[in-house]
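**Student:** In case you want the letters, here they are:
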Amino acid sequence: MPIRLDLSPKALLKKFLNNQLRVYSVFYLCGIGAFIYLTCPFVHHRTYLSENALSPGLVSSDISMSEQTRQLNILLRQTFKNNKENIQDILCKLLRDNGIEAYKQRFSYNLSENSSLNVYGIVRAPRTASTEAILLVAQLYVHTQDKKQLKPNILGLSQTLTMVFALRRKPYMSKDIIVLFSSEQELGAKAWLKSYYHAYDEDSLIKADSLPAHAGSIQAGLSLEFPSDKFYSIDLRFNGLNGQLANLDLINTLIQLCDKQSIPVTFNYVYVDLSTNEDAINYLLKSAKTLLLNLLTLSTGVSDGLHGQFLHYRVEMVTLFGSLNKQHTYQHSPITIRAIENVLEGYIRSINNLLERFHQSFFFYYLINRRNFVSISAYIIPLGIICAPLLLRALVLYMTKFFQNDDRIIKTLGRKMKFPISYEFMLKEFLTCSVTSFVFYTIFNYFYSNQLLSIFLLIFTAIFCLNPVYYRLKAIKTVSSDIDEYNFDFYQFLLLIYGAALLACLSLLNHSLAFLCSLYLLPLYALAGISKFTREFFFVKYVTRFCFVVIFNPILILFIYYLLTVTLINGWSIKNVAQFLTDMRQFFTYYRHFFHIWTYDVVCLGLLPLWLALYRSTYWKWRPISSVEKQEQQQQQPPQVLFPNKEQQQTIEDEGLHLDEIEENVNK
Amino acid sequence: MLKRISDTCFEVSAHLAVDDLWKSFVHELGGLLCASLNFVDTSTSSSSPKYSFRPQSTVTSQSQEFNNSNLRYAVLPREIVCTENLTPWKKFLPCNTMKGLSSLLVNSPKLYDINYHSLRMDFRQICADSNCLSSRLELSLGLGVVVDTFAKPGQNEWSLRSIFGQNMNGACPLSDITNVYIDLELSKLYHMTLSPLADYTIESNGRTLVVYDVNNMKQTSHGTFSLSCKHDRPSTDYWLLAENNKENNTLPYLYVHRYTTGYGARNGGIKTQIYNTPDTTTTLLYFEQIPWYFRVFLHTLKIIMENGTNIKPDRLSYIPGKDRERPYQIEMFITIPADVPSVEISFEYEMTFLKWNEFPPDPNHGFYIPAAVISTILPKLDKQQPILRQLQSFSLNESLLLSSNTESFSSSLFVRIYSESLLVNLPTPDFSMPFNVICLGCTAVALAFGGFHNLTTKQFSYVEKKEKKNFRQYLQLLWAKFLAFKQYLNAKTNRNALRQDLHRQHQHVE
Chain A
1 MPIRLDLSPK
11 ALLKKFLNNQ
21 LRVYSVFYLC
31 GIGAFIYLTC
41 PFVHHRTYLS
51 ENALSPGLVS
61 SDISMSEQTR
71 QLNILLRQTF
81 KNNKENIQDI
91 LCKLLRDNGI
101 EAYKQRFSYN
111 LSENSSLNVY
121 GIVRAPRTAS
131 TEAILLVAQL
141 YVHTQDKKQL
151 KPNILGLSQT
161 LTMVFALRRK
171 PYMSKDIIVL
181 FSSEQELGAK
191 AWLKSYYHAY
201 DEDSLIKADS
211 LPAHAGSIQA
221 GLSLEFPSDK
231 FYSIDLRFNG
241 LNGQLANLDL
251 INTLIQLCDK
261 QSIPVTFNYV
271 YVDLSTNEDA
281 INYLLKSAKT
291 LLLNLLTLST
301 GVSDGLHGQF
311 LHYRVEMVTL
321 FGSLNKQHTY
331 QHSPITIRAI
341 ENVLEGYIRS
351 INNLLERFHQ
361 SFFFYYLINR
371 RNFVSISAYI
381 IPLGIICAPL
391 LLRALVLYMT
401 KFFQNDDRII
411 KTLGRKMKFP
421 ISYEFMLKEF
431 LTCSVTSFVF
441 YTIFNYFYSN
451 QLLSIFLLIF
461 TAIFCLNPVY
471 YRLKAIKTVS
481 SDIDEYNFDF
491 YQFLLLIYGA
501 ALLACLSLLN
511 HSLAFLCSLY
521 LLPLYALAGI
531 SKFTREFFFV
541 KYVTRFCFVV
551 IFNPILILFI
561 YYLLTVTLIN
571 GWSIKNVAQF
581 LTDMRQFFTY
591 YRHFFHIWTY
601 DVVCLGLLPL
611 WLALYRSTYW
621 KWRPISSVEK
631 QEQQQQQPPQ
641 VLFPNKEQQQ
651 TIEDEGLHLD
661 EIEENVNK
Chain B
1001 MLKRISDTCF
1011 EVSAHLAVDD
1021 LWKSFVHELG
1031 GLLCASLNFV
1041 DTSTSSSSPK
1051 YSFRPQSTVT
1061 SQSQEFNNSN
1071 LRYAVLPREI
1081 VCTENLTPWK
1091 KFLPCNTMKG
1101 LSSLLVNSPK
1111 LYDINYHSLR
1121 MDFRQICADS
1131 NCLSSRLELS
1141 LGLGVVVDTF
1151 AKPGQNEWSL
1161 RSIFGQNMNG
1171 ACPLSDITNV
1181 YIDLELSKLY
1191 HMTLSPLADY
1201 TIESNGRTLV
1211 VYDVNNMKQT
1221 SHGTFSLSCK
1231 HDRPSTDYWL
1241 LAENNKENNT
1251 LPYLYVHRYT
1261 TGYGARNGGI
1271 KTQIYNTPDT
1281 TTTLLYFEQI
1291 PWYFRVFLHT
1301 LKIIMENGTN
1311 IKPDRLSYIP
1321 GKDRERPYQI
1331 EMFITIPADV
1341 PSVEISFEYE
1351 MTFLKWNEFP
1361 PDPNHGFYIP
1371 AAVISTILPK
1381 LDKQQPILRQ
1391 LQSFSLNESL
1401 LLSSNTESFS
1411 SSLFVRIYSE
1421 SLLVNLPTPD
1431 FSMPFNVICL
1441 GCTAVALAFG
1451 GFHNLTTKQF
1461 SYVEKKEKKN
1471 FRQYLQLLWA
1481 KFLAFKQYLN
1491 AKTNRNALRQ
1501 DLHRQHQHVE
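Residue numbers (my numbering), protein chains in the order written: chain A, 1 to 668; chain B, 1001 to 1510.
The following block holds chain B by itself, in its conformation from the complex (with noise of 0.2 Å):
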């Protein structure tokens, strides 16, 4: 919800280096979206991850090695996706917000009410056909929307206008498919009711999909797609359910919790915790990107499983940050056993003093850590969630939803995870009275040095008082000064003259 990622891969071009295409582009991007992606700094917030990152389109499939200096990734984690981004984005829509799905999100007040949500946007290549000898281009959007229906007490039904504040403006006449899917899974434990009956149904490993196609105009009274389904409450066994059995259908099969370590305004550390519930062994690729004024120490880098026992990662790529130059970049493949419950990964970092003109407007609200990435492929099982699966799949040959053939649900899956961005507090001064305390502390203790530094270094003595001349006695004095002047003068011309004798004596002599 919180972050903004872009991974962007570039052709090396011969003209332009990565770095200026990549910050043409974050800016192009940014304006684009509404967002302030030109913060996006193209050497200190921005890295080139070696595993993690992959392009998944034709482009660099074509030539033979991938080169991960042509790869960019970015995160802005200080910023919140917003009504103000996803007006851009609905605009990306074909039917904009008139027709289809995208009708549903006419009223954006009403959708950022809801818990979480967020927007996605991939953009690639991939092949026409199956020799893929032509190419075309994908454009994927996605938003992610979780309601929690059991807020108010009471309350044990939903709908589409309880969510959206409005129902569906029927299908987008420019589409080929328009489908709502609701997986029945957990309908085991809540019974619920739908109140337009499915179209059609698809089962996959003992899982039921149910889907409405709009397109079909059956399903839509006066051009309107309604739906509403009723369940029971849960109850609290589920909790416990979820608490005592481990394996439990709800929970996912890998999930990621990261927090800070420490407190105080020196050191710090950050833990990952990754749970992973199948009963495989599981290789996973880690990968965090750290801000520069967080040094992060690599000898305190500890993976241990949840029995205790230390595991070194199976490869390491690491590649220490530099002051206001470059993040620090941890790279790592981890290997879970199979009777493994969860892995703990933790490293600990020291906070920098920063320049007074590097802290933003509001400094004590903190600095943000971006989420560290987890990718991995699980492995083919019963309980997969077939949506999941189709909207994660990345295959060159077929664009996403058209391929709604259930064999593909088989293959083993990708997931990308993200975990928590967080949020530390640098040492901070205090900006609100530099002046006053700088500036009068200073002075007062400059005053207060030099009398001190006076008394206990010097002697002091009490000297008579000089007595008071008249004007006089002044000229007087003056015309002293210049009788003992013309003296020295003398002097020092006798003297001279004196010198001269005497070596005209010594020639004289010789």
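The following block holds chain A by itself, in its conformation from the complex (with noise of 0.2 Å):
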């Protein structure tokens, strides 16, 4: 069924082309709203265990070695105590004394003499040949809750260490268990990763050796952080790399285990007490405030844990963090040894039984607690509302400038036009935006004092917000001469599709990403589109150019993005400009190019040369039509005002000439 404009009243359509701005508006707080309301329970879909696989692994157990557990806790605190150096040399005498292979990997990085160990030891599985693994790790140190500091993941260690013990005497494993205790936080794990799949041409900045010995294709993993040796819940982190998440039965399965040992699961510190029934506005608020973090977190890019580096590789992980919150009014004791040791074994006999790798239930979700959640068909509608304005607008301006019943219509080899379009200065136009964000994009991965780069900052915002007004006063002949208000608004349309192709793909990709720069997006092309009003009312002249320099500056939104990275990562901890510059300069020199996170590129190369396009174009001189059509009227002659080059104008003529000639003959 076409859509079909004479189907509307003529005076709707009148009505619609006069209120658009408001129409537009409506749309976007409807698209803001539709987020909203996402955390309301009508729009959940409940959790459900899609692969049945996994679901063996949650009948019983039977690996009971708490005591072991707490041996070694006492071996492993009086080790990282007394001798912190010999750490790696202990873990793996430990694994190889209960008969497992283990070994070590040296690394280095940062382009840096000093090097670390990572320990790891395989299980082979006696069912198969070493064709599949499970991934089980601990890293040797864990950021704090409060991320202030870093402590011994002690519980972390003993708890994998005696699983691993376990799970060695029994027949029925058939995947082999990989227990890997890196070092450095999440670069031991990518040094590790780098070699295990071999990927090493992909940046020289982490140096790694080869490792002697593999498992195969790893299909899952868990990664285990306990700072303290007390914990009264858990904090299940799944947020990877780039907008990454984790298969949505791997987190059931952990929750439903859990849940089974009455383990408080949280996800980042938010517990929603299903059971009785709560307060429904403190539901909504805590729901809202779980779907907040988790899109910032994962428009970011960065992981909130160890596990987003295995999810750029293809292994489903998630992080287990053993938090002090207390959950439950009348919980005391903190959760046992057993109940995590038995969450642990079903989640790996799970795992074990898994035939093929994790294909089934949904890798793209917002979770709103741990039996709640949002699926793709649900959370992509408010993008769409956000975005329906711009194609919308691209529509509307396609229908009235361009195909409007107007007599000045020319017809040149056959295509209909109804207006000459200099494309050459659109062309030039775009791509002095691209460049300039390019050069921005390169220059600024290449600092290394505070100085250069706050100096390079300045004459970059100075670049950005006095570019329009040099570039008009040199070349204020040619704007004035060619462009009229149809070029303004072709351009504009151009500007509105390639707007709407750039979040549909990063939807795609990300699509927490892609909610957050249409936010900013639409803004700046309603700004560009009131600019066409500075002629009757004065002031908005001032009021647009405000807006896009003051609010929506793209080196605001580097430093918003900057700041709000490195809150998720570390907690606030910004002292003094200086400091900040320095962390800032760290991060974007290498902490993404360790780990791949393409937020800032898609804001260099996305956002940045948009804004420049649509700030650079409220500065143009555009003639309006009115004032066109009268010269036209005066000098009877529109094709020469049109093509003010000769040749083409002969070649116009000529065509009229031969008009007749031609329609014979394609009747004949």
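Calculated from the structure, these hints are not laboratory results.
One should not assume that every hint holds.
In silico lysine-lysine, PhoX-like type, Cα no more than 25 Å apart, as pairs [to be verified]:
1) K1465/B <-> K207/A
2) K532/A <-> K15/A
3) K1110/B <-> K1090/B
4) K1481/B <-> K1492/B
5) K84/A <-> K207/A
6) K1302/B <-> K15/A
7) K621/A <-> K428/A
8) K1355/B <-> K1322/B
9) K170/A <-> K1110/B
10) K1302/B <-> K1312/B
11) K147/A <-> K286/A
12) K230/A <-> K207/A
13) K148/A <-> K230/A
14) K1090/B <-> K104/A
15) K14/A <-> K532/A
16) K326/A <-> K289/A
17) K1110/B <-> K1091/B
18) K1230/B <-> K170/A
19) K1468/B <-> K1481/B
20) K93/A <-> K151/A
21) K1458/B <-> K14/A
22) K326/A <-> K230/A
23) K1302/B <-> K207/A
24) K1271/B <-> K15/A
25) K104/A <-> K207/A
Here the structure is a predicted model, which is why all the values come from computation and not from measurement.
Make one complex out of these two single chains by using the hints.
**Tutor:** The following block contains the structure:
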């Protein structure tokens, strides 16, 4: 059923055309509203286990090695206290004493001399020939809950060790278990992964030894972070790099196991009590908080745990963090070692039963709480509503401006043209914007001192904000002679299409980032559109330019992006400007390269050129259509005005002469 | 353990092609061993190695030249050897599981609790006498088992009963030899004490072998033979020793580690590391058969020694695969210099998109790349394992176990090592909801496209409404149309008449 404009009354259409800005604003606000509406229980789906093979692991448990875990705890605590340097050797020896092959991997990073050691061991499964593997990761040191300091991950290490010792003797294992004790936080894991997959050529910032032993394709994994021996709830972290998420089945398995052991599971430390009727407003607020935090984490592209690195290599993984928050009012005692042991055992046995790699259930979702989620079919709608004005406006511009029934139709080479478009000028304009942003993008990564960086930032802010003025002064004549309102609208039309395409692509890769980008881009288009009224309303010019430069400044956006990222990784840690600049420099030069976070690239190569193009277009000095028409009427020679080139004019006239002949030919 | 490997050499007969023979052989063998060997496709998963496999029987030694096109090699890496294969395998034995060594295999679930096991079956023709004028058939069956006796903490003893769940039920009366050999090489480290004393020992190159002759009724009490051993716990020094001193006794002479490289669903690679411990130059033969859906690039083939220098293979035979027809086949001779501890062979491949009906029922499980085969002749060394040597003897003049003379130990040893088989995920479509996504998606796109196409290509304008006609007007219109048609016909006939008149006039004038 084709969409037909003539179905709607003419008056309604006219009304819409007159109130476009209002309609688009309504769309924008509705989109935001719809996103907030996702927190309401009507949109949620309840989670379920889609993969049947996962369920046997949930039934019973037969490993009980709490005593050994406790002994290992004592041993490891002493080791961390007395000889920190030898911790890798001791872990290696522990694994080998229990008949598990263990290896060390040396790696260095950041072009520095000092190197660190990863330790890993492989428990070979008796049932198969090392074709598949499960990964258990425990970092040597982990961030505490407030992200202020690093603490040895004693409980995580001992839990992993005892679990491996116990499972070594189980004849049912059909996948190898790899235990990895990585040092230097995410860098160790990255180095190990690079060696495991032999992906050295990506960049040379991390240098790592090759691994002496492998264990087939890694199906899934689990990372354990327990900074303190006592913990009252488990914070489950699943947000990966660049908006990647672990399979929902994996998370559901873990939550089901934890529920069975009555371990409260939180997301971002938010716990929702689903058993009792929680206060509706409380429930909504908690849902909104979880949703928003997930949105921000995913859009920055950084992971909230070690698992992000592994997700990048298609190893389904989440992080369990032992948090100190008491969730029930009656909860006084910490979670027992036995409980967490059962969770681990059930998890490994579930994965062990898996016949295929995780492929069922959801890869695109927002978790609202541990039993409810929003699927892609629901959360893509708000983004669609927000982006709809882009396409609507493009269509309106196309239909009203380029399909008017006016007499100014000129026939050139079989194509209908209503007005001349100076493509060259537009191309130049857009290329200027792209090149400027690309230069900014590349230079930004090469600063080794704060002064240089701040000077650079100042210079580029100035370039960004002042370049239209310079441009206008220099080429004022070409601008005013060539450009009319049609050209301005056509340029707007192209930019709208470009923006819509950008957001559509982004929404498929990283929905959260696309959502935030659309929130940023839509007002820019509105402001550029409003700037058309600068003739009628004097102050509009200044208001739009002020908004462009002050509120929507892309450098400000970069600062906000960095602040958000750092806060999510390390907590709020800004003390003074110098330190802030140093950290920022390091972040942009090293950190994002290590982990292939491309949010910065999207901001610099996607948003920045668009901002620049739209900002510059507000300075265009085009002639309004009415004046053009008057001119034409006076001169009575519209082609001359539209085609200053004489040759072109000649061809048009020729065509006009031979038009009858051509028609006859066609008829024949 | 996982691999089902069969290599067979055929004599070319006049009526049947090799492929047909191979197909029927594979099917029969599959039926005999209760294995799904019938899944071995004659063309896509079989190959004819040029050098790696040669007949070790009298069949082709009679004909002068060996033709590798009569040889077939196939692997089924997806299947795991299990009880269903063990049961038919056991039935080949003369006493089944009633008597002899095979009586240990009665409790087969217990057998599958161990860490590693493999089944082997060789069937060949050998010489009946030293002149090789007549021949006879030899069927050799082998079961390899690896048991980790250190698995349980605090346990430092093992017995036949603890491993197999059963003691040996005497010797099979049909057998000539029923011997149990124990290599005491590890006794230097762990101080093993065996519980019944051995019948005799064999000393060879400083290595001690203990032999129990079960046929000799001295060892059996009430017709059963039991064996137990006590030993020390291994210390971690052992691991450190193994790590620091590569020439340690415990390491094998030649071992292989193979793994996939790369991630994602487009490109990948295979790396094979061959570790060579003896201080002599080793020449080895590397063979790899890769399914057609991994497109191997030969230009990426690299052989790198540990010191970083590239070496070239002495001889390379490469048969590129064809989609859905033939696997890739790489075969090469490599010489490892004496002082190089390891060599790394690597090459890259590209993954193909399979057709939707070519995927197995579990597409997300992944696709196997069969094991590489490394064949070499180990040089004569002092520290060789006599048992291995004896079992691997491919002498045509004598059967394997019947020759217990220690002199055959001194000959050089041919070994064939199978590496790890690999599991790789090909790009897989989401099979769970093709109709939802494809059908609905396409419909939505088509609907939207129609509308947008109309909007952007057509010009819309308001048309005045036509007045409704009543029946009478309709009739009038019809009448008018009829009249018009009549007139048209008249005009046409008149014109024809006119034309004829003109024509006539013309003729008349002429």
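**Student:** Report the numbers of all earlier hints that the structure fails to satisfy, in ascending order.
**Tutor:** 1, 6, 12, 14, 24
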